[in-house]
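S.K.: Protein chains in written order, with this note's numbering: chain Y, 1 to 514; chain A, 1 to 314; chain U, 1 to 338; chain V, 1 to 338.
One or more of the hints may lead you astray.
Listed below are the simulated SDA-like cross-link pairs for lysine to any residue, each with C-alpha atoms no more than 20 Å apart in a straight line [what the hints assert, rightly or not]:
(1) LYS209(A) with ALA46(V)
(2) LYS321(V) with PHE39(V)
(3) LYS222(U) with ILE312(V)
(4) LYS102(A) with TYR164(U)
(5) LYS43(V) with GLY150(A)
(6) LYS195(A) with ILE312(V)
If you are wondering where the hints come from, they were derived from the structure by calculation, not from laboratory data.
These figures come from a predicted structure and were not determined experimentally.
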Amino acid sequence: MADLVRMAAIGKRYGGVQACHEVDFVLGAGEVHALLGENGAGKSTLMKILSGDITEYAGSIAINGTPVRFSGPTDAQAAGIAMIHQELDLVPGLSVADNIFLGRELRTTVRTVDRRRMEREARELLDRSGVGLDPRRPVGELRVGEQQLVTIAKAISLDARVLIMDEPTSALTSSEVERLFDVIRELRNSGVGIVYISHRMEEIAKVADRATVLRNGKIVTSFDPRKLSTAEVVEAMVGRPVQTMFTTPDSDTGDELLRVENLKLKARRPRPGRRDPDGISLTVRSGEIVGLAGLLGAGRTELLETLYGVAPGGIRTGRILLQGRPIRPRGPRQVLAQGIGFVPEDRRASGLVLFHSILANTVVSSLPSYGRLGVIARRMERTASVRMADRLRLKFGRLQDEVGTLSGGNQQKVVFGRMLLTEPKLLLLDEPTRGVDVGAKAEIYRLLGELAAQGLGVLLASSELPELVGVCDRVVVLRDGRDVASFSTADSGEGDLLAAAMGHGEMFDEVGGV
Amino acid sequence: GTTNERASGGASPGASKSCKGTDGKYTIGMSQANVAEPYRQRMDDDIKAAAKDVPQFDVKFADAAQDNAKQVADVENYITQQIDLLIISPNEAKPLTSVVKKAYDKGIPVIVLDRKVEGDAYTGFIGGDNVQIGREAGKYIAEKLLPQGGNVVELKGLAGATPQAERHEGFVEGIKGNPKVKVIAAASGDWLREKGQSQMDALLKANPKIDVVYSHNDPMAEGAYLAAKAVGREKEMKFTGIDALPIPSGGIKAVEQGRLSATFTYPTNGKEAIAAAKKILVDCGTIEKTQTLPTRLIDASNAAKIYAEENPTG
Amino acid sequence: MTDVQDKVVTTDKMSVAATLFRFQSVFGLIAVFVAAIIFSPRKNGAILFVSADNLANVVRAVSEIGIIAVGMTFVILIGGIDLSVGAVLGLAAVGSAVLMVENDWGFLPSVVLVLAIGLVFGALQGVATAMIGIQSFIVTLAGLQIARGLARIWSGGQGVAIAYGDGPKEAPTSFALLGERTFGGLVPIPVIIFAVVAIAAVVFLRVSAFSRHLYAVGGNEKAARLSGVPVVRVKIAVFAICGLLASLAGIVHAVQLNQGSPNDGIGYELDAIAAVVIGGTSLAGGRGSVAGTVAGALLLGVLNNILALNNIDSNIQLLIKGLVIVAAAALQRLRPTS
Amino acid sequence: MTDVQDKVVTTDKMSVAATLFRFQSVFGLIAVFVAAIIFSPRKNGAILFVSADNLANVVRAVSEIGIIAVGMTFVILIGGIDLSVGAVLGLAAVGSAVLMVENDWGFLPSVVLVLAIGLVFGALQGVATAMIGIQSFIVTLAGLQIARGLARIWSGGQGVAIAYGDGPKEAPTSFALLGERTFGGLVPIPVIIFAVVAIAAVVFLRVSAFSRHLYAVGGNEKAARLSGVPVVRVKIAVFAICGLLASLAGIVHAVQLNQGSPNDGIGYELDAIAAVVIGGTSLAGGRGSVAGTVAGALLLGVLNNILALNNIDSNIQLLIKGLVIVAAAALQRLRPTS
Ligand SMILES: Nc1ncnc2c1ncn2[C@@H]1O[C@H](COP(=O)(O)OP(=O)(O)OP(=O)(O)O)[C@@H](O)[C@H]1O
Ligand SMILES: Nc1ncnc2c1ncn2[C@@H]1O[C@H](COP(=O)(O)OP(=O)(O)OP(=O)(O)O)[C@@H](O)[C@H]1O
Ligand SMILES: [Mg+2]
Ligand SMILES: [Mg+2]
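Sequences are here, hints too, so could you generate the full structure?
M.R.: Encoded structure:
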């Protein structure tokens, strides 16, 4: 098999950070090549170089043996290289079809846009990846997961010889992931070379033919993922053995912290695609980690938003009790003051000010506690920030550095740390480990365990079933904005959750064991 | 423009048609170029005050905010409203000519104030003569203030405005008689007090010896005075303005209080306009095609008296 | 692959409300129109507002702002702003007058040169913002001053009157036609020019690939770049179009007023922006339409007209217009997707 | 968040280039200052520009724009813009004159009321943008018209002259002091007011928790809200501060010109915005500093002064100023982190 892509001695520096160093990377035709590594290892950087997004780098690239040097993404696309970017890069105001064909619109004979043909072809593409989206819908109305599917369809539509997928599944649930794998296998069989980046270890063994591990911008090892256990892969990535991914909770739970009774939200101005709570009841005890499972659009995010008081306006019925007292969430400030913290799903859009410092981002929720009379005591905030960074094992240079220069997982920790500094009783977490590497995940899980042991309650929405089963004491399954089942993780597995989430049992065997 | 029109006496044929005598009720539309200029605001005020004494009149006002296009629309709206007489103080001559003609051709008598439109499609023009005013100011400076000669700085109005050009042109003529009077510098103060002040700051700096400041209007003269006062040089030089509005913030008061040596009236003609309207509509008479009101020199000797005359109620 | 027909998202439900909101500025226009009829003064039983003559006046009065606003819509759609349009209008008005009257140029060469000046001026601003990366607010704020300065210098500081005829120092009579009325003396040519510009823009935005690129640049510039959209070229083109339309408006201005003055068009940029925003285009870029802008411009025109017909005091007019702008913008907030 | 702006980080090593860029507007100012000395006209061997008197004039001339620009910096830091400041200045100038002269109010009550009016006016604009969610460009564009209309109505359309004395229709002489000079007749009080405002703002932005909130809102409003920052309150406060400072500038304006006119301050908003942007504050919000703004305002003042000292034609001045603004903004783009 000829080498489709050969990258040699690739180097890339960002200020003091060596994102890639002397990296040699080879991709064959018809190969699915997984690229693994911790957050900030340099995976995205390497692939951005290949896809023409980054144009200044050291080293050389050859496609089919021909040396190339791209001057931009269009260049790379012309050479048959397409990339699904980690951050969803879509235009909210344009329709699904317009987004898919952006930059290479189909034309009629008089050079006008052939909208009908674009819509037809978009529908075919979406169907191929198993998504029944209306191609005329504006992308801004779609859920994160749906947007991710659109970017996948868009990349596939390029008919590329090399397809780079940078965390394509981070917002997808298992059924969509399965469908994507079908597509990947199909592409592989037709000779496309695929680079697959993911932090979901269970996916690697399923789909990849080969895996390469990057650490601190350098290649550490390359292997056949089917021949190694997950633990071994993880060790290669992190550089040390990681004992147990999941700290089994002691289930030493205390009093009831949160009680939600038949919560319903009737939005004043309903938005298409939103699934507001339509009768949800659940409880969280102090010291308990309760998971929220569900398919794409089951209403997990919306439930957490409603509890945090940031759902769009409407009529809310049912009751929310915190430590037995009814509360009416009206907004983050008020809810935070009552001891409920929230870590949103999309850290870049709703979590961080990317160009502000790590310090500023960490302390913003707890400012009143440093100094008095509205004057900040700099030493105090610095101490608090350093303490939190240590506790979360944040990997950073200086507190003054822009948060945007941290790797995704470390950015996530900053959002996390910010909430911990408010000393909450209850944490609402929405996909807290999306895009976070295994090592950091393990730390976050360990931290959750610690917090729970100290009496904190956690409500954790996640699309990763292993995470829910591994971390939570109990999992509540949502479907169509209602709670449909509740499991104790001590005596149920991922299959039970999935079956409940889908509302029937057919899928049980298919996704049963991972 | 100040192109001299043939002074053609008689009333236009359209004018008489609208006369309904003392029993009529008349709506008069006043189209003002820009009330942000104190002079023009005073014109409106004068018209308002004069119209109070004519019970048959109901005067409406429109402000074009210094935009020719807006003023065209204002006049058109008056035509739509079928007003009985139009008073217009045009922002600029040429752009307003055709719409004024349109009104005139529809049989609406038109009194043009301050700035003439082109052609003769209007009933009467009442205005001052900016060239003449500039000339008077020049003469006054050359003969009264600097008979032995001296240095003059000129603070001009907004570049591009007709009165600015005319007040400059007349002034140059006016000082010709005394070759020892030198204009050593000129700056554009855009008619504004603060602009006059900041321009004067620099002029003072650059010119150690200034004897007279000739300003194209009173506000800039006042600004210049303030600038000189700030560096303690206000006694070294004299200031003259133009407009002499009889309002508390106007030039007459400034002369009375000794900040300006002199100013020259630029009559608003509000009173005269209403008198002319009365003649046309109520008395069914005719008016002069062109009525140019002379300027008056205001100095310390007559300032208080004239202020009182112009503001009979106090 | 499994068949997933059941997951097709239905769009029907959003239809009625969404359609209403989509054409909200049109409805706003209708509402204002009805209000105008109600509040219109009457003379001899006739409603003054709806007289053909008055309606023609209303549209003629907004035609310049309207033409500018169409270009401004493009700029705002890519997330920029153009403060220079009023000054470019003045420059173009001066240019047409000087070329035809003082330089005795013919109709066509004058118009072409003036349009080219606007185009190049806009394109240069586009270069400064797209290639150097200066925010368009600043580029065009500077551009405003530069265009105004150029207009003053070119005209010698004075308005240049346009007289028509074949002699020297006279503009060709063909130019005067642009200011006339047609269709039985009812429809002013400027209105027709505005209509043509607006319709062309609407069609253009609907069928061209360029328009997709334009929305993409305004909606998510990075995504546009990664998709191979020529972002820099799009930006330069959009500013060039805006400059071109501003100078077209300047020509219309000059012919309507028989003069080109360097002070023409002062403050027009704010009126144009107001029309665009009232028309539902987001200042953040990526969302909006030319149809809305046209409705917005007409709405402002009707408002001006009805206030004037009722002889509302000019100071009170300022207050009312301010409040109407805020109210119209507040209405925009009611649309379902923010 | 102050960490992202011009703060010296002493503990950590930082490249010389970065430091240079951090204080770039200050260096820009120095460059312009040096250029001013070179291009200054000389009289009897003395460089006119650097005479104490002239420098005092330069700073006095920018003090009003400077005060406004400080408030504008706050608004721009939260990602907004305030076009109403010039009109609010006019309203405040009229207010002080009318209250003290026509209503014979005392110094303190007049000043307090006028400041309160600016504060409330700004706060209302803040409410419209923060609570109704209308873009501040539109809100303050309407606010501009409303404030201007109110000023016209309050003053009766004419400038209200201020005469000092104890009699009726005379303003208290204590008010006149605000326009005087101190420290041996050298330093104008308006300059001192400007300096106090600027220093207070710098200190405030450096030490207050509020300022962190302000930068956070400008940096990422959604993230700020989810982090528990009282976004609405911050916005309202910022617009209120901006209105307050604009009316303070209006009082200074009135006392310097011995008059309050409804047309005072026309176009000042654009000068203030230019000062802010030249000072390195991003119009996108979340990034910038008051120190930069002060440098920006001084830079514009020096430029104006040197152009006037050399008696440059006013039209050429427009061109030069436009180009300098673009050049200054282009320099901003050179900073290492975009
Ligand atoms: N634009 C940038 N400016 C400065 N540093 C950057 C930039 N982009 C990436 N880096 C740094 O380069 C390193 C590699 O980043 P990269 O995004 O390639 O990591 P990654 O392996 O994709 O991580 P993740 O799994 O979190 O996506 C990190 O240390 C990151 O902080
Ligand atoms: N049409 C829409 N307009 C605006 N926001 C939407 C819309 N649809 C979904 N959202 C929001 O987008 C976010 C992401 O939704 P996402 O795709 O992550 O759903 P999910 O997490 O898969 O499903 P769940 O609802 O179970 O959390 C949520 O905050 C949701 O409220
Ligand atoms: Mg990455
Ligand atoms: Mg979710």
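S.K.: Would you mind marking each hint as holding or not holding in the structure?
M.R.: Structure-based check of all given hints:
1. A threshold of 20 Å between alpha carbons decides the hint, and for LYS209(A) with ALA46(V) the separation of about 16 Å falls inside it, so the pair holds.
2. For the hint linking LYS321(V) to PHE39(V), the alpha-carbon distance of about 16 Å falls within 20 Å, and the restraint holds.
3. Among the hinted pairs, LYS222(U) with ILE312(V) is inconsistent with the structure: their alpha-carbon atoms are about 44 Å apart, more than 20 Å.
4. At roughly 18 Å between alpha-carbon atoms, LYS102(A) and TYR164(U) fall within 20 Å of each other, so this suggested pair holds.
5. Of the supplied pair hints, the one linking LYS43(V) and GLY150(A) holds, its CA atoms being roughly 19 Å apart against a limit of 20 Å.
6. The suggested pairing of LYS195(A) with ILE312(V) holds, with an alpha-carbon distance near 15 Å, which does not exceed 20 Å.
The structure shown violates just one earlier hint, number 3.
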